[in-house]
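Enquirer: Taken in order, these protein sequences are the chains called A, B and C. According to the working numbering, the stretch in the first sequence is residues 1 to 127, in order. According to the working numbering, the stretch in the second sequence is residues 1001 to 1483, in order. According to the working numbering, the stretch in the third sequence is residues 2001 to 2262, in order.
Source of the hints: derived by calculation from the structure; they are not laboratory data. Each hint can be trusted.
Between beta-carbon pairs, the in silico distance windows are:
hint: 1; chain 1: C; residue 1: E2242; chain 2: B; residue 2: I1195; range: 54 to 62 Å
hint: 2; chain 1: A; residue 1: D112; chain 2: C; residue 2: N2165; range: 27 to 35 Å
hint: 3; chain 1: A; residue 1: E111; chain 2: B; residue 2: V1449; range: 54 to 62 Å
hint: 4; chain 1: C; residue 1: N2165; chain 2: B; residue 2: K1125; range: 57 to 65 Å
hint: 5; chain 1: A; residue 1: K19; chain 2: B; residue 2: Q1100; range: 33 to 41 Å
hint: 6; chain 1: A; residue 1: K19; chain 2: C; residue 2: R2145; range: 40 to 48 Å
Dumping the calculated PhoX-like pairs for lysine-lysine here, alpha-carbon to alpha-carbon at most 25 Å:
hint: 7; chain 1: B; residue 1: K1337; chain 2: C; residue 2: K2159
hint: 8; chain 1: C; residue 1: K2220; chain 2: B; residue 2: K1471
hint: 9; chain 1: B; residue 1: K1337; chain 2: C; residue 2: K2170
hint: 10; chain 1: A; residue 1: K19; chain 2: B; residue 2: K1400
hint: 11; chain 1: A; residue 1: K19; chain 2: B; residue 2: K1458
hint: 12; chain 1: A; residue 1: K49; chain 2: B; residue 2: K1458
hint: 13; chain 1: C; residue 1: K2170; chain 2: C; residue 2: K2138
hint: 14; chain 1: B; residue 1: K1257; chain 2: B; residue 2: K1314
hint: 15; chain 1: A; residue 1: K127; chain 2: A; residue 2: K54
hint: 16; chain 1: B; residue 1: K1053; chain 2: B; residue 2: K1080
hint: 17; chain 1: B; residue 1: K1471; chain 2: B; residue 2: K1458
hint: 18; chain 1: B; residue 1: K1233; chain 2: B; residue 2: K1178
hint: 19; chain 1: C; residue 1: K2202; chain 2: A; residue 2: K127
hint: 20; chain 1: B; residue 1: K1400; chain 2: C; residue 2: K2159
hint: 21; chain 1: C; residue 1: K2159; chain 2: A; residue 2: K19
hint: 22; chain 1: B; residue 1: K1379; chain 2: C; residue 2: K2220
hint: 23; chain 1: A; residue 1: K101; chain 2: C; residue 2: K2237
hint: 24; chain 1: C; residue 1: K2170; chain 2: B; residue 2: K1471
hint: 25; chain 1: A; residue 1: K19; chain 2: B; residue 2: K1405
hint: 26; chain 1: C; residue 1: K2056; chain 2: C; residue 2: K2092
hint: 27; chain 1: A; residue 1: K127; chain 2: C; residue 2: K2056
hint: 28; chain 1: A; residue 1: K101; chain 2: C; residue 2: K2202
hint: 29; chain 1: C; residue 1: K2014; chain 2: A; residue 2: K101
hint: 30; chain 1: A; residue 1: K127; chain 2: C; residue 2: K2100
hint: 31; chain 1: C; residue 1: K2207; chain 2: B; residue 2: K1471
Every residue gets a Cβ at the ideal spot worked out from N, C-alpha and C, and that includes glycine.
Given next are the chains, with one letter for each unit.
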Amino acid sequence: MSKYDKEQVLCSSGVNVLKCMRCGKCSATCPSYDEMEYHPHEFVYMVEKGQIDKLMASPSIYKCLSCYACVERCPRGVEPAKLVEALRLLVIRQQGQNHLKADDIPALLDEDLPQQAIVTALRKYSK
Amino acid sequence: MQRIGVFVCWCGSNIAATVDVNAVSEALSHEPGVVYSINYQYMCSEAGQNLIKDAIREKKLTGVVICSCSPRMHEATFLKAAAAAGLNPYMVEIANIREQCSWIHKDMPTATEKAIILGRAAIAKVQLNTPLTAGESPVTKRALVIGGGIAGIQTALDIAEAGFEVDIVEKQPTIGGKMTQLDKTFPTLDCAACILTPKMVDCAQNENINIYAYSEVAEVKGFVGNFTVKIRKKARYVDETKCTGCGLCTEKCPQKKVPNEFNLGMDTRRAIYIPFAQAVPKIATIDPDYCNMLKNGKCGVCAKVCTAGAINYKQQDEIIEREYGAIVVATGYNPIKLDNFDEYSYSQSNDVVTPLEFERLMNAAGPTNGVLLRPSDGKHPHTIVFVQCVGSRDTSGCGKPYCSKICCMYTAKHAMLTREKYPDTDVYVFYIDVRTPGKSFDEFYRRAVEEYGVHYIKGMVGKVTPRADGKLSVQASDLIANE
Amino acid sequence: MVFSYYPGCTLKNKAQDLDMYARRCAEVLGFTLEELPQWQCCGGAYSMAQDEIASKLAAVRALNSAKEQDRTLVTLCSACHNVLKQANHDMKENEEFSQKANNYMKLAQPYLGETKVLHYLEVLRDVIGFDEVKKHVKNPLTGKRIGAYYGCLLLRPGKVLQMDNPENPKIMEDLIRALGAEPVIYASRNECCGGYVTMEDKNLARKKSTAVMQNAAEMKADLLVTACPLCLYNLKKNTPEEGRLPVLYFTELLAEALGVKE
Chain A
1 MSKYDKEQVL CSSGVNVLKC MRCGKCSATC PSYDEMEYHP HEFVYMVEKG
51 QIDKLMASPS IYKCLSCYAC VERCPRGVEP AKLVEALRLL VIRQQGQNHL
101 KADDIPALLD EDLPQQAIVT ALRKYSK
Chain B
1001 MQRIGVFVCW CGSNIAATVD VNAVSEALSH EPGVVYSINY QYMCSEAGQN
1051 LIKDAIREKK LTGVVICSCS PRMHEATFLK AAAAAGLNPY MVEIANIREQ
1101 CSWIHKDMPT ATEKAIILGR AAIAKVQLNT PLTAGESPVT KRALVIGGGI
1151 AGIQTALDIA EAGFEVDIVE KQPTIGGKMT QLDKTFPTLD CAACILTPKM
1201 VDCAQNENIN IYAYSEVAEV KGFVGNFTVK IRKKARYVDE TKCTGCGLCT
1251 EKCPQKKVPN EFNLGMDTRR AIYIPFAQAV PKIATIDPDY CNMLKNGKCG
1301 VCAKVCTAGA INYKQQDEII EREYGAIVVA TGYNPIKLDN FDEYSYSQSN
1351 DVVTPLEFER LMNAAGPTNG VLLRPSDGKH PHTIVFVQCV GSRDTSGCGK
1401 PYCSKICCMY TAKHAMLTRE KYPDTDVYVF YIDVRTPGKS FDEFYRRAVE
1451 EYGVHYIKGM VGKVTPRADG KLSVQASDLI ANE
Chain C
2001 MVFSYYPGCT LKNKAQDLDM YARRCAEVLG FTLEELPQWQ CCGGAYSMAQ
2051 DEIASKLAAV RALNSAKEQD RTLVTLCSAC HNVLKQANHD MKENEEFSQK
2101 ANNYMKLAQP YLGETKVLHY LEVLRDVIGF DEVKKHVKNP LTGKRIGAYY
2151 GCLLLRPGKV LQMDNPENPK IMEDLIRALG AEPVIYASRN ECCGGYVTME
2201 DKNLARKKST AVMQNAAEMK ADLLVTACPL CLYNLKKNTP EEGRLPVLYF
2251 TELLAEALGV KE
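Just chain A, same shape as in the assembly (with noise of 0.2 Å):
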């Protein structure tokens, strides 16, 4: 059985899985498509059927770009692209589970890089 439930997905993020008509336009347009296990068409499926944990232990939730493509394009305005944060946000909620931490910062620095890459990237990592 799996800790977390639909429910909790469902009302974290706000979206309607039902609207969604498989048309798929979602992952035909996501920058990210070729790097995730996941795509955001099965994000919407999976979530439906509550298949949470699946999705929570991919590494998939880490490359959505956040770029609103996919929110932008669905015929249906099912937005998929909450449902990927509201399942990384269960993830990175959990005590320890930070995917990005403070520690790791330093290395990945050079002198150009602004800092809204840093904060942005922490306020979709980690909590």
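Chain A is fixed; fit chains B and C onto it per the hints.
Expert: Frame of chain A, contents of chains B and C only:
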């Protein structure tokens, strides 16, 4: 004083389960004017109707109230029954104690009380009724069909065959509509023009049909059977009684750069033009937005060369008023505007085309004379991708929520016509679902897959990127192969 | 004309030119950007989850600060623009969020999305007008073929940001024309450069930025302009040196055309 009979129907359990029908007929029997009040299981049945007829005769009733279902169901039935018994049918009133009472309430005492009130209202109305005779209102025996496309044309032909006069109003200079721009029709792959043009000629030659081309409806007044309509006949600047359709003016006109709407802007026409060779009526029209004479007062070439003296730069719009008994609206459709869908790069590349543009490219009378060439560089396309459902099934607000129904079929048609003519061209169709509602329609699309090798891939296209070498990069996902 | 101005953390640090040129141009064009008295970093990204409240408060405070001065809030950084507009939208439309945020912040007056947020480009288009901008151009950039790079955060989500048509935007191209140059349209101008993923998966960032750069280059652009410090970084550092076009902030281009670059 009237002698009113009240007939309360059980409607099986539809009314009787929620309304105490005995109480209703008992209460209503005490209303002033009521001399007879009963209830029965099925008033609309033969037995029920006989009860009403017998009561009318035996009790010498002058008015009848039926407490039953909606008059939309059985008003006609009860009026006929009353008439058969010798009572003027307009002395019958119906109280709807089903749709407006038993079907929308659950509590019996309240529902019964309401039914009684509804019955009393009907009785009070019958008290004020007088016998009426059904009259006749004259109907103008002429129909107006708005829109001269295939739907309008066929409608007009049907009406004319039935013996009535009919006028067609069409805003383009010729009738025929979108079908004139199509190449072939599905599922038979008949030639569109071969079906349409004889019908267009029929309309022109039929004595009962009057065509107002290059005209629009300006005003409609009146009511069913008696409409008065004002039609604006737009000025062609050409006298239609003199023009023979010879086309000389269209060859000599110096203004050559007008985008040709018939070919969807893919080539040009002159300022004076006949839309296509088989136009009905075959009369030239001057486009006032591009004619030098009408805009600047300089030119006049067409007037000089016209041997029939048909050009009239001073012509005005004309308003015609006519009467019609019926109006049929057959104004047709338009493909969706692609302003909200530029992820497909329609605005960035001439090689991204709408289906109607594709028909023109395939059509022998089109801008490329029937050879399928890329509009940008005139080269032969080696791969064609069909993007389905653009703007359809879209509840996000960018497009329309409905499925447009015909696109899966015309795409299968386009795919097959392409593969038939150019077996070296690869054809891909990216779909959400393939919808083929109609006789032989699914078999039609299966031919595309099985006989013609069209690749159908489930998954919508996400982005089209035009490349520097003129090719188009199409990004889509194959949901079944997951790649 | 005075606007409340939210610079964002990066403009105070690694992207100082974006800010400096913007202020100089504003002077020429007749408006002032007055920095908010107190502001915090917006966070760079708007948290999409419905139950994320605290991470959005910095943005709400900035919006409220502008409201207290009864001014429109202007920002330059695409990311800040995205966060501020989305926060504003939620304060207006999402009752639950608005209530919780207001209850926590205990402001003098509850904030309900009253402030108007504009990106600097919108000020140029809607308040000043590109025709007016054109009048002030001293060095028209004639002959230059310039590709506008929007990235994602400037345009999407379209319904909330209401900046331009997300699939066929014109705002930067119109500006480029007003400055005398020729805008280059290329399909990848609104595709993601990779953004923050450069911290997580450099290869992915490289892949995305390179695709953008190559598309702009093949369409014969001479240089790219952008409004986002992270996009600038990605396009400069995560693309192969060969075939790399110069990338500028649009304010630098504007400053050059208006003659206030040096």
